[in-house]
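Build the full structure now, drawing on both the sequences and the hints.
Take the sequence shown: its letter number 276 is residue 741 in the working numbering, and every next letter is one higher.
Do not rely on the hints blindly, as some may be mistaken.
[As the list claims (entries may be wrong)] Distance windows between CB atoms, simulated:
hint	residue 1	residue 2	range
1	S508	N554	15 to 23 Å
2	P512	G1014	51 to 59 Å
3	N856	V969	17 to 25 Å
[As the list claims (entries may be wrong)] Here are the computed lysine to aspartate or glutamate pairs in the EDC-like style, where the Cα-Cα straight-line distance is at most 16 Å:
hint	residue 1	residue 2
4	K709	E774
5	K730	D619
6	K660	E650
7	K961	D978
8	K649	E748
9	K764	E716
10	K750	D613
11	K579	D619
12	K723	E611
13	K764	E833
14	K1020	D978
15	K649	D678
16	K582	D551
17	K559	D541
18	K764	E774
19	K653	E748
20	K559	E748
21	K660	E748
22	K582	E553
23	K726	E553
24	K868	E923
25	K671	E604
26	K750	D619
If you're looking for bench data, these hints aren't it; they were derived computationally from the structure. We put the CB at the ideal spot given by N, CA and C, even for glycine.
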Amino acid sequence: MLKRKIWCKILCSMFVLMILISFSLNRTGDDEYKINEPSERVSLALPNSTQLHLEANGLLLQKTTSSYKTYIRSTDQTTVYNLFEDGENMGSIKVTVREIDNGDFFIFTQLQNKSSKGCSATISYPISGNVRYDLIDFERQEIQHEHDNVSGVDPTTYPIGLLKVKENENLVTNMMISRNYVTKELIKKYENGDKSVVRELTSENKSLEFIKDNKGLTVTLPLHSVGNDLSENWMLVSQEPLFKKEQALDEWISQSTKHYKETNKWYTAEGPYTKLPWSIEPETKLGYGRNLVRVQDRKALNYYETTQERYFYDLLLNSVANLFIFQGDKKGLWETEYTSTWLKKDYGINAPYIDTRHNEKIALFLKEAGDMLDIKELKNSTIIYADFLVNQAKNGNLIEVPKGGYLVTDYYSPLQTKKTHVSLNHALGEMNFLLETYQQTKEESYLDVARNMRRGVENIGEKWLRENGDVWYQVNGDFTFEGTDYPLLTLEDLLKSQQSWEAVGEKRSEIFDRLIRSKAQYLVESKQEILRPVANSLINQGFGDIIEGYNNIPKF
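Structural data, given as structure tokens:
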């Protein structure tokens, strides 16, 4: 009996020991294990057989988790390392390597500092061989950070630049390198469990170090932290030229400077962050977030279509991955994750909620990407949103126009206290979207809702026009009008809608033509820029007389 008790104790002790060991081991192969002991420097294997090195000054790193996730034409490997100082957990470093199907890969790094102490870390990318390097710096021209009435000043700029590494005359590595972004995450929690999430920018840092020795070149990027914050950067690595045509690179650098507010430059593994309006909750003048219009990288799609450059292909596939990461387990529509204070005040809506225009743009973006790259899974991306619009009409979430027709409201949330307004660009965009999806599917319900929306816009008629010739931004439920319209967006929607109706065999709208003529004349009289594609559409649809001799039209 005594021996049996002793053996039971031994077996129990061995069982507990095995459990403890399993928590402290990290599997590295089918039959190989190694102990995860904290160290001053760790290395991570990359797809091109290179090692990425991480160091946190004065802190120890310990690998905790590693996971793999597959997206459309890309794969993520995410590894998390905890940071320790004197045995205390100070935070973590997360590294996500996103490999594109052409062999290129992004490296997204995030230092999360949970302590009030400042700290810093570095990521180092070694390139072996007798190499020489050249950095094409984006900082050729200083950005004029203009104040915007809606979002204030956006102090962010562009990536550091494009690194070219050669051995003899052969390209070894091409690398786009970002700046370092330091932020504090702000969260507003609501009684029902919902929350609004934004980031407050602390700094954008241009820091980069090159170390050349007899072994080769080491590229080092720092992660700065002042305490209780997030510090992030990214790089894109290729063994092929990211830009084959120098003219395409020059054009991209130029537009990144000129249109810095509309160009993504701060990428993370979960999507790009861009400047948000002041009317957000939690409140901050330097608020940044994942704006769904910018998570879908329209610029990358357009530039890839016209240039076929590798860099834009990589950005395009990165954007597709980010959209499905953002969507998460919620299939179908995309919800805005930060609260607009004016939507909350006027309609009782807080995050998360559905913005119809954002979802329209995402659906079109995914379909166009699917058509362009022949990706079967994306070619039917429009159907889910088209069905949503039909259901919104069936459920009465719309403004009915007395003389006939209706307009689907701009926003939707099950918590809203009353129907929201309808902006003209939203209404036209939804109508055009339904017409395009009808052409694709021949589903009559899409055409029926589009016809009702056309009647709604037409029966409001010239009331859309302001005294100065511009159009009103929105119509409210009581048929009052307010808001300053976008310079070109609504005009583009009007021009596109006329083509869309003709494409399904129906006549042009006379009211739409009056709105187009008035809006275009307003732009000329107020000396605003009319982009070349819009100018071409005006000419092709018989409005060329309005812009004849007008100088404020770019050549391209």
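Structure-based check of all given hints:
| no. | hint | verdict |
| --- | --- | --- |
| 1 | S508 <-> N554: 15 to 23 Å | holds, 21 Å |
| 2 | P512 <-> G1014: 51 to 59 Å | holds, 55 Å |
| 3 | N856 <-> V969: 17 to 25 Å | holds, 22 Å |
| 4 | K709 <-> E774 | holds, 7 Å |
| 5 | K730 <-> D619 | holds, 12 Å |
| 6 | K660 <-> E650 | holds, 12 Å |
| 7 | K961 <-> D978 | holds, 11 Å |
| 8 | K649 <-> E748 | holds, 13 Å |
| 9 | K764 <-> E716 | holds, 13 Å |
| 10 | K750 <-> D613 | holds, 12 Å |
| 11 | K579 <-> D619 | violated, 26 Å |
| 12 | K723 <-> E611 | holds, 11 Å |
| 13 | K764 <-> E833 | holds, 13 Å |
| 14 | K1020 <-> D978 | violated, 25 Å |
| 15 | K649 <-> D678 | violated, 38 Å |
| 16 | K582 <-> D551 | holds, 14 Å |
| 17 | K559 <-> D541 | holds, 12 Å |
| 18 | K764 <-> E774 | holds, 13 Å |
| 19 | K653 <-> E748 | holds, 9 Å |
| 20 | K559 <-> E748 | violated, 28 Å |
| 21 | K660 <-> E748 | holds, 14 Å |
| 22 | K582 <-> E553 | holds, 13 Å |
| 23 | K726 <-> E553 | violated, 40 Å |
| 24 | K868 <-> E923 | holds, 10 Å |
| 25 | K671 <-> E604 | holds, 10 Å |
| 26 | K750 <-> D619 | holds, 10 Å |
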